[in-house]
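Novice: One letter stands for each residue in the lines below.
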Amino acid sequence: MDTLNILLIGFISIVIVNNLVLTKFLGICPYLGVSGRIDMAFGMGMAVTFVVTLSGTLTWMIDNWVLMELGLEVTRYICFILVIAGAVQLVEMYVRKFFPSLYESFGIFLPLITTNCAILGLCLFINLWGIDNLLEAVVLSFGAGIGFTMAICIMAGIRENMNLVDVPECLKGAPITLITAGLLTLAFMGFAGMIR
Amino acid sequence: MASESTKSPILGQTFMAGIWRENPVFRLLLGMCPTLAVTAAVKPALTMGISVIFVLVCSNIVVSLMRDLLKPHLRILMFTLTIATFVTIADLFLKAFQPEMSETLGPYVPLIIVNCIIICRAEACASKNGLVVSIVDAVGMGVGFTLTLCVLAGIREILSTGAVWETPILPTGFVPWAAMRMPVGAFITLGLMLGLVNVVSRKKS
Chain P
6 MDTLNILLIG FISIVIVNNL VLTKFLGICP YLGVSGRIDM AFGMGMAVTF VVTLSGTLTW
66 MIDNWVLMEL GLEVTRYICF ILVIAGAVQL VEMYVRKFFP SLYESFGIFL PLITTNCAIL
126 GLCLFINLWG IDNLLEAVVL SFGAGIGFTM AICIMAGIRE NMNLVDVPEC LKGAPITLIT
186 AGLLTLAFMG FAGMIR
Chain R
61 MASESTKSPI LGQTFMAGIW RENPVFRLLL GMCPTLAVTA AVKPALTMGI SVIFVLVCSN
121 IVVSLMRDLL KPHLRILMFT LTIATFVTIA DLFLKAFQPE MSETLGPYVP LIIVNCIIIC
181 RAEACASKNG LVVSIVDAVG MGVGFTLTLC VLAGIREILS TGAVWETPIL PTGFVPWAAM
241 RMPVGAFITL GLMLGLVNVV SRKKS
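If you read the sequences in order, they're chains P and R. Counting from 6, one number per residue, gives the positions in the first sequence under my numbering. Counting from 61, one number per residue, gives the positions in the second sequence under my numbering.
Treat the hints with care, as some may be off.
Claimed, not checked - Beta-carbon label-pair distances, calculated as ranges:
| id | chain 1 | residue 1 | chain 2 | residue 2 | range |
| --- | --- | --- | --- | --- | --- |
| 1 | P | LYS102 | R | LEU71 | 46 to 52 Å |
| 2 | P | LEU75 | R | GLN158 | 24 to 30 Å |
| 3 | P | ASP137 | R | PRO132 | 38 to 44 Å |
| 4 | R | MET126 | P | PHE47 | 46 to 52 Å |
| 5 | P | PHE103 | R | LEU130 | 46 to 52 Å |
| 6 | P | LEU133 | R | TRP80 | 33 to 39 Å |
| 7 | P | GLY76 | R | LEU134 | 25 to 31 Å |
| 8 | P | LEU133 | R | LEU134 | 46 to 52 Å |
| 9 | P | LEU107 | R | ILE229 | 39 to 45 Å |
Stated by the list, open to error - Taking lysine-lysine and the BS3-like style, the derived pairs with C-alpha atoms no more than 25 Å apart in a straight line are:
| id | chain 1 | residue 1 | chain 2 | residue 2 |
| --- | --- | --- | --- | --- |
| 10 | R | LYS263 | P | LYS177 |
| 11 | R | LYS131 | P | LYS102 |
| 12 | R | LYS155 | R | LYS103 |
| 13 | P | LYS177 | R | LYS264 |
| 14 | R | LYS188 | R | LYS103 |
The set of hints was computed from the structure by calculation and includes no laboratory data. For each residue, glycine too, the CB sits at the ideal point set by N, CA and C.
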């Protein structure tokens with residue numbers, strides 16, 4: 006029961022309270038770039054969720070069972086980025102084979118998941134927070150993906166409505182998106198202090 | 061010699077492009093994560109900028125030297141591995157000589173690996189141009205990035221604490237805006253600055 010409690014709290018904390026996009030500024034590029042339409046945003050979120058779960062788990066295993074055993078922590082960043090690039094390659098091949106239409110609409114953004122800071126950031130945070138339990142690492146990675154999907158979908162919903170709004174000429178495009186994101190983080194700050 | 065004299069204005073243009081015309085943050089919207097995350101105060105922003113300049117110059121040199129050996133499908137992987145190596149060096153250096161700064165910046169130093177600016181310059185400039193152009197381009201882009209970071213950090217630090225570089229400059233009656241230190245301040249300041257840059261550049265043209 007205790008383990009379940011810790012896992013549940015960890016999950017809620019990373020989805021809502023410590024959301025990677027809204028409080029840690031990770032994954033801002035796709036957050037601003039792909040959030041034009043809800044269906045694209047959701048697809049992107051799902052792809053990121055898959056990659057982040059896979060790479061979060063794998064990097065935890067490599068870090069704890071290989072690098073720390075052998076005293077090779079210096080090569081940590083290089084190993085992490087290799088694992089992530091491999092996971093993205095896997096997702097790309099899978100999507101191209103089974104969902105060709107989705108693959109077409111993603112275009113350049115799919116390989117760019119490699120350079121999505123949310124993924125490397127999560128692997129580094131798991132290491133930084135000193136998570137010493139494989140199950141917890143898996144749950145946190147999955148939660149981070151869900152949190153990203155949630156944030157990008159909310160943003161896409163707002164932007165779809167914003168197309169109809171009269172925005173000052175000089176703020177059109179990226180500036181107004183950033184300001185909206187700022188107000189969104191303000192809303193999410195209400196959850197701060199709920200856990201830890 | 062004639063080619064030398066025609067070369068230098070081009071180099072100057074390449075350098076200046078990074079600072080204003082193709083400023084990585086304002087114009088290309090690259091490297092947003094560190095821009096927003098480390099700009100709560102000027103000191104970490106400057107440290108971050110210098111680390112980015114170091115990594116950018118080194119990786120541009122290496123990529124430019126091996127540009128003939130690159131295979132198209134392994135290109136991005138080679139770039140990332142090169143960058144990861146130099147970021148490890150920068151991170152270890154900061155840990156050894158600036159331990160406090162390293163603590164403040166936390167995971168954002170290793171996150172330079174996935175900073176889009178560096179991959180973008182490796183792809184758009186260093187893999188196509190010679191050594192000199194690549195270095196000048198890297199320095200220009202790096203300085204442009206650092207300047208932007210410092211301006212943003214300056215605004216946020218003044219409004220959130222009334223100080224710059226930890227030296228108070230505003231009169232004592234000033235009430236600090238706590239929100240500027242938080243994520244909200246970062247997003248909204250950057251949004252307004254982008255708007256301002258749009259206005260200025262439209263006036264110019």
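Novice: It remains to establish, for every hint, whether it holds in the given structure.
Specialist: Now the hints, each set against the structure:
Checked against the given bound of 46 to 52 Å, the beta carbons of LYS102 of chain P and LEU71 of chain R, roughly 47 Å apart, stay inside it. Taking 24 to 30 Å as the suggested C-beta distance range, the pair LEU75 of chain P and GLN158 of chain R conforms, at roughly 28 Å. Between ASP137 of chain P and PRO132 of chain R the CB atoms are about 42 Å apart, so this pair conforms to the stated range of 38 to 44 Å. Between MET126 of chain R and PHE47 of chain P the beta carbon distance is about 39 Å. The supplied range of 46 to 52 Å is therefore violated.
Range check, PHE103 of chain P to LEU130 of chain R: about 31 Å between beta-carbon atoms, so the 46 to 52 Å window is missed. The beta-carbon spacing between LEU133 of chain P and TRP80 of chain R, approximately 37 Å, falls within the hinted interval of 33 to 39 Å. Range check, GLY76 of chain P to LEU134 of chain R: about 30 Å between beta-carbon atoms, so the 25 to 31 Å window is met. At roughly 31 Å, the beta carbons of LEU133 of chain P and LEU134 of chain R sit outside the given window of 46 to 52 Å.
Between LEU107 of chain P and ILE229 of chain R the Cβ separation comes to about 53 Å, which falls outside the hinted range of 39 to 45 Å. Annotation: proposed proximity of LYS263 of chain R to LYS177 of chain P holds, straight-line Cα distance about 16 Å (limit 25 Å). Taking the CA atoms of LYS131 of chain R and LYS102 of chain P, the gap is near 24 Å; set against the 25 Å cutoff, the hint holds. Of the pairs offered as hints, the one joining LYS155 of chain R and LYS103 of chain R holds, with about 16 Å between alpha carbons and a cut-off of 25 Å not exceeded.
Among the hinted pairs, LYS177 of chain P with LYS264 of chain R is consistent with the structure: their alpha-carbon atoms are about 18 Å apart, no more than 25 Å. Proposed proximity of LYS188 of chain R and LYS103 of chain R is contradicted: the alpha carbons are some 35 Å apart, above 25 Å.
Violated hints, listed in ascending order, are 4, 5, 8, 9, 14; each of the other numbered hints is respected by the structure.
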